[in-house]
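Q: Next come the chains, spelled out residue by residue.
There are 4 protein chains.
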Amino acid sequence: MTEEIGVGMVGHAFMGAVHSHAWRSVHRFFDVPLTPRLAVLGGRDAVRTKEAATKYGWAAAETDWRALVARDDVGIVDICTPGDTHAEIALAALAAGKHVLCEKPLANTVAEAEAMAAAAAEAATRGVRSMVAFNYRRVPAIALARKLVAEGRIGEIRHVRAVYLQDWLSDPESPMTWRLRREHAGSGALGDLGAHIVDAAQYVTGDLITGVSGTTETFVRSRPDGDGRGEVTVDDAAVFLARFSSGALGTFEATRYALGRKNSMRLEVNGTRGSLAFDFESMNELSVFSEDDGSAAGFRRLLVTEPDHPYVGAWWPPGHLIGYEHTFTHEVADFLTAIGGDVDPAPSFADGLRVQRVLAAVEESAGQQSTWTTIGETR
Amino acid sequence: MTEEIGVGMVGHAFMGAVHSHAWRSVHRFFDVPLTPRLAVLGGRDAVRTKEAATKYGWAAAETDWRALVARDDVGIVDICTPGDTHAEIALAALAAGKHVLCEKPLANTVAEAEAMAAAAAEAATRGVRSMVAFNYRRVPAIALARKLVAEGRIGEIRHVRAVYLQDWLSDPESPMTWRLRREHAGSGALGDLGAHIVDAAQYVTGDLITGVSGTTETFVRSRPDGDGRGEVTVDDAAVFLARFSSGALGTFEATRYALGRKNSMRLEVNGTRGSLAFDFESMNELSVFSEDDGSAAGFRRLLVTEPDHPYVGAWWPPGHLIGYEHTFTHEVADFLTAIGGDVDPAPSFADGLRVQRVLAAVEESAGQQSTWTTIGETR
Amino acid sequence: MTEEIGVGMVGHAFMGAVHSHAWRSVHRFFDVPLTPRLAVLGGRDAVRTKEAATKYGWAAAETDWRALVARDDVGIVDICTPGDTHAEIALAALAAGKHVLCEKPLANTVAEAEAMAAAAAEAATRGVRSMVAFNYRRVPAIALARKLVAEGRIGEIRHVRAVYLQDWLSDPESPMTWRLRREHAGSGALGDLGAHIVDAAQYVTGDLITGVSGTTETFVRSRPDGDGRGEVTVDDAAVFLARFSSGALGTFEATRYALGRKNSMRLEVNGTRGSLAFDFESMNELSVFSEDDGSAAGFRRLLVTEPDHPYVGAWWPPGHLIGYEHTFTHEVADFLTAIGGDVDPAPSFADGLRVQRVLAAVEESAGQQSTWTTIGETR
Amino acid sequence: MTEEIGVGMVGHAFMGAVHSHAWRSVHRFFDVPLTPRLAVLGGRDAVRTKEAATKYGWAAAETDWRALVARDDVGIVDICTPGDTHAEIALAALAAGKHVLCEKPLANTVAEAEAMAAAAAEAATRGVRSMVAFNYRRVPAIALARKLVAEGRIGEIRHVRAVYLQDWLSDPESPMTWRLRREHAGSGALGDLGAHIVDAAQYVTGDLITGVSGTTETFVRSRPDGDGRGEVTVDDAAVFLARFSSGALGTFEATRYALGRKNSMRLEVNGTRGSLAFDFESMNELSVFSEDDGSAAGFRRLLVTEPDHPYVGAWWPPGHLIGYEHTFTHEVADFLTAIGGDVDPAPSFADGLRVQRVLAAVEESAGQQSTWTTIGETR
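Sequences listed follow chains A, B, C and D, in order.
One point on numbering: in the numbering used here, the residue at position 355 of the first sequence is 367, and numbering is uninterrupted.
One point on numbering: in the numbering used here, the residue at position 3 of the second sequence is 15, and numbering is uninterrupted.
One point on numbering: in the numbering used here, the residue at position 375 of the third sequence is 387, and numbering is uninterrupted.
One point on numbering: in the numbering used here, the residue at position 38 of the fourth sequence is 50, and numbering is uninterrupted.
In case anyone wonders, no lab produced these hints; they're calculated from the structure.
Quick caveat, the model's predicted, so the values are computed rather than measured.
Each residue gets a CB set at the ideal place from its N, CA and C atoms; glycine is no exception.
It is possible that part of the hints are untrue.
List of simulated lysine-lysine pairs, DSSO-like, C-alpha gap at most 30 angstroms [claimed, not checked]:
no.	chain 1	residue 1	chain 2	residue 2
1	C	159	B	62
2	C	62	B	62
3	C	67	B	62
4	D	62	A	159
5	A	62	D	62
6	D	159	A	62
Counterexamples of contact, computed for chain C against chain A with all Cβ distances above 12 angstroms [stated by the list, open to error]:
no.	residue
7	36
8	66
9	78
10	165
11	243
12	291
13	297
14	299
15	304
16	306
17	316
18	318
19	355
Chain A on its own, in the form it takes in the complex (with noise of 0.2 angstroms):
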């Protein structure tokens, strides 16, 4: 086993249930350069938070982030909590030198994405690395899909199409969440789906957004909240076309409305030579259009199982698949290999920022008819 390096996370739900699992199994089946510990979880909840603790593997609790961030036994501070929290975690986390995994969206605007942003460039020339939580970045097939769009076997890029669908928020009795509440959430399948598909866009493809028109929309403005009911104060949908650089046109739907869709992250790519196509809920394929084929041309249903394929070979033999949380332990892995290499990881917060970027000017666009707007910097 490799030297160890103590890993100390914030927030223990569902993404915190999710990290654990990457970090207990991580150098399981990857060679990573170190060693994760579980060395301690926060949480706001002294019981609930020990119970996480216990549950999911890690070696102490604390319920107050500074303390955690302080301690001299953490190496790595993963923000797993909401978004508005995410700014200030990770700027003390970075000021005191720890390497930091933040959740997606980075932020909750663009101003604390830019300090973050800043704060990460800053601490990396002190050896300080971070990196955002993209995790789709490391399903094998969108890592294939890249790389086959890198290799130039699409061609130029004319069209991308994504949607990322889910469907529990349909009942409109169904009750409020943190994630429905802007203070919390920042937007709402805008900020949590949408991010995924302008990052998982923007990286298949290797190029950049640079401007949208978009419109969203709250179906169901208010909800049954404890006794009484909660206003909905984000969006329930948001869609959006875009260019980017290259000149391809895109267009983006995010919503917690399409029912029947669990988690319908659907990636189309268009080229001159070729096309993608991807659907989360087919995790490990990816179809696959080549006009080198000719008239036996057709998409091909590429299994991404292969020991050749990206993340595959530390798992199973060919056609044995793997699962969502396979995504977070690539994830981790390639954190641990940034920092033990002395490299930046990607995506970093620079990407994070960048995407923040395009979701404020989707809803820019959306308060001002849909016109049409330019996202103002690229990274």
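Please build the complex by placing chains B, C and D on the supplied structure of chain A, with the hints as guidance.
A: Only chains B, C and D this time, still in chain A's reference frame:
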């Protein structure tokens, strides 16, 4: 056999071939109140029109569409020409008391479409019928989709997602055609493909689009044309956001650059009780999700080949597919039934005008930085 | 238009309707050397035959098939009756010098099929042509599959997996039909459905089945029949293992009890260089795997609608599907082409006999504890 | 955390890696009555076993399985070795009062399996539990399939169609392994893959196979082996027909030569009320047809990721897939739950014996011209 009615058809290219088949075959499968007689085929070139008439089974050929319209043995005029000639022929035919079936898009401009809709409304008072040939309404799966929505099985509509993807212009060196010249085609992918999905989306949901935000693109601005190069004066692709009067959100895309997608006219509808998904490349199938299925819910792949599905009873046993041209046979059957029953068929010229207004609004929005543009008048 | 040839067709049920359409339409789409004239329709009931003749476009009707065969205006006899009458009609027609198209299975017994094959061979020496109507050979995807195998792109065949699944007998109370009586139908699912997959498997692989082990089952032994119940005297389902002369292994299943499968004639072929998969419920598609695709290999879903795919050039642009009846139009086109070109069409009566021998071997094996049973003679 | 129980595992290849992960992770996701402690890993080579123990998280390593079995800190013996060693280890462990989890197939011969089943039955009287590792029973979709059958939603079963297709031997020059030697593996595709589909078919239907007719094939009889070539002494593929005690017909195929099918373990069941279809290459999905859906019936693609689906509640929100190794985590959870609850887990060694008898009957039939062979004794 029922009483005969003479048909005069103008145009004998792709649409002419398909319409000929429909006129020849309809009474072999459907109990229509009038039996079509293929009286006369119109075309500009005498030799080629005569050849086509023989091949497709027309009794005579005419090079002057005015002569065709004027013939006593013509009771129906079927217009299969490019969009720039629709208005003139249709107006003359309606004035002459002939029933008119007109290919889509109804016209190249809103003004033409308005004149046609007005003439059709006036002619209807004289018992003269008219219909625009949105044949995709006659795909059994799409007709079934409308029925499911109308029965309330999908609930209140939240989302419509419609694309029409082709790839025949992917190659920048594929040559010029009339479809790439604004003066003949009116627009590019927008009018050719976008018209179909706008009509289908409105038909299936039973709802109207009230506003759009869009952008268009011409990826390849000149193409080989004879010995030189011709300028492409229409859009290669059009993307737009839409709202329906119910408040549902729509996203639309029409393109001829989606490599590998040959004729992928896809429609998805998400409602509060169920969802629908369709792809014309699998035109005999409809995917239906119903929340009534509880924890055994999933998208059902219906093979729309049961005798009680729309139009299917006229054809083969369950599981025996039908093809593209059947939609035209259905269209002609419906048209003859309406004429025989002395009622107005659908889609009317007013429906065609409605689609035209949406397309015009997309172009207007595209010319104004994608600013939201409302569709002035409902049908 | 080319020279006419008169067609006399016996039988006007399901197959009669489909064949009528093919005879009416073939020359509108294919350049055939002879134009069929729908001269006379044969049936047992005078009134119903006359009605069918009118509906389907036949010039005359006959209740005596011998009179139909004897007519001077009949050059082709098309046999669409149940299997127990095939031999008698075909032998008379061939003797009378008429070209014969005979529905499958060729006959109800090997002895009948032998007599028919012998008569066809003799007639061929006189320029009289005969063909058995295995229409699935004329599915473009199946014809393309054969082409890919013949070109060596699949390599040496290891496995064939063929099922033909229907479900119209799932309900034990669905009524008796002639198809459930041995004296008319010869056998049940075996002859009706099994015949198709045996022929298709041999056609696609270009190889012959040399032995089988099988078993059959009649799940429901009596069914409603008028006021009483009738005894089912054929198999409801047949399953068998097979070996091809190349050494490939085959598994076959024919059933009318596969609930939810309406017409699922599926064929999979695995070779040393590639694999093929087909399902008639998606008849415009062929799935092709090629090991040449390397780590980007996956089953390609080919839409078999390209102009250079078999038969497709006669129809619509890429992505516009064809349906079930098109296979009969192709069949008739091939038959007319063979007659006009003075060559023997395929599949010949000898091919039909070969299939019959396989079916008989399955029944023999089933009657002998599934003991392996070889097919005596190759074509 | 609950009381600990020490685990000693023999074997550290593919199965060892997967089992290790399950033992390490099970209590992080499931509320198990005993928390496994990874006490000792057994292997033949001291260095490699020690390395594997470190990598997979085992506290100690042993090269003598008898010593491992004898250790006081071992309460469970987990057998992950080739089939020729199962009986000896299992018998010793049961005799020593250790609970035993044994990889499939249970043994290489019926005689061994009989001895093991007898020993397990005897041990159970002492409270010592045993289970055979048919992990596919723990695929949520397969467990759900069994539940649907048990609830009567599929009705009376008519057909079972099961294949297990892999392609890793397609290349005739891929090298020898222990899996291709009868003395180690017992049989080839039959025992390795066929065992899974026999067990799954019996598990899902809740029914037993009573007789079979089969044949086997070795396509490539020698393969590269070190500097020379080794003889392949097992089957490359096995195909067989079967009958269940209910009268249902089954077809089975196991092969390593289905090019392009990486791990396609497919199961289809047709009943009088509904049908099921599953493919392990899409292991999070189950297709369900229900005749109750009427004319809106079609195969529903269920994403088996809902909290009320078997095992799923322990994992992620709907639409977030799980992978191959999860089936082992489920298996271990069930085993620990049975031990803690003092009840016999399933599948028992008797179930494993039952599968062994079916496999032996297939080989017996194959050796006797495929003659129907009954399975002597039911469990």
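Q: Would you say residue 36(C) is clear of chain A, with no C-beta pair closer than or equal to 12 angstroms?
A: holds (31 angstroms)
Q: Take a quick look at residue 304(C) and tell me if its Cβ sits farther than 12 angstroms from every Cβ on chain A, holds or violated.
A: Nearest chain A Cβ is 10 angstroms from residue 304(C), so the label is violated.
Q: Does residue 243(C) clear chain A by more than 12 angstroms, comparing its Cβ with all Cβ atoms of that chain?
A: About 46 angstroms separates residue 243(C) from the closest Cβ of chain A, which puts it past 12 angstroms; holds.
Q: Taking 30 angstroms as the top limit, are the C-alpha atoms of residue 67(C) and residue 62(B) close enough?
A: Holds, at roughly 28 angstroms.
Q: Are all beta-carbon distances from residue 318(C) to chain A longer than 12 angstroms?
A: violated (5 angstroms)
Q: With a cut-off of 30 angstroms on the C-alpha distance, tell me whether residue 159(C) and residue 62(B) pass.
A: Status violated; Cα separation ~37 angstroms.
Q: Quickly compare the C-alpha distance for residue 62(D) and residue 159(A) to 30 angstroms and report which way the hint goes.
A: With Cα atoms ~37 angstroms apart, residue 62(D) and residue 159(A) exceed 30 angstroms; violated.
Q: Are the Cα atoms of residue 62(A) and residue 62(D) separated by 30 angstroms or less?
A: The given pair, whose Cα atoms are some 34 angstroms apart, is violated under the 30 angstroms limit.
Q: Determine whether the non-interface label on residue 165(C) survives the test: each CB of chain A must be over 12 angstroms from its CB.
A: Non-interface label on residue 165(C) violated, nearest chain A Cβ at 8 angstroms vs cutoff 12 angstroms.
Q: Against chain A, does residue 306(C) keep a CB gap of more than 12 angstroms to every residue?
A: violated (9 angstroms)
Q: Going straight from one Cα to the other, do residue 159(D) and residue 62(A) come out at no more than 30 angstroms?
A: Not OK: residue 159(D) and residue 62(A) at ~37 angstroms, beyond 30 angstroms, violated.
Q: Hey, residue 62(C) versus residue 62(B), does the alpha-carbon distance stay inside 30 angstroms?
A: violated (34 angstroms)
Consistency with the previously given hints fails for numbers 1, 2, 4, 5, 6, 10, 13, 14, 15, 16, 17, 18, ordered from lowest to highest.
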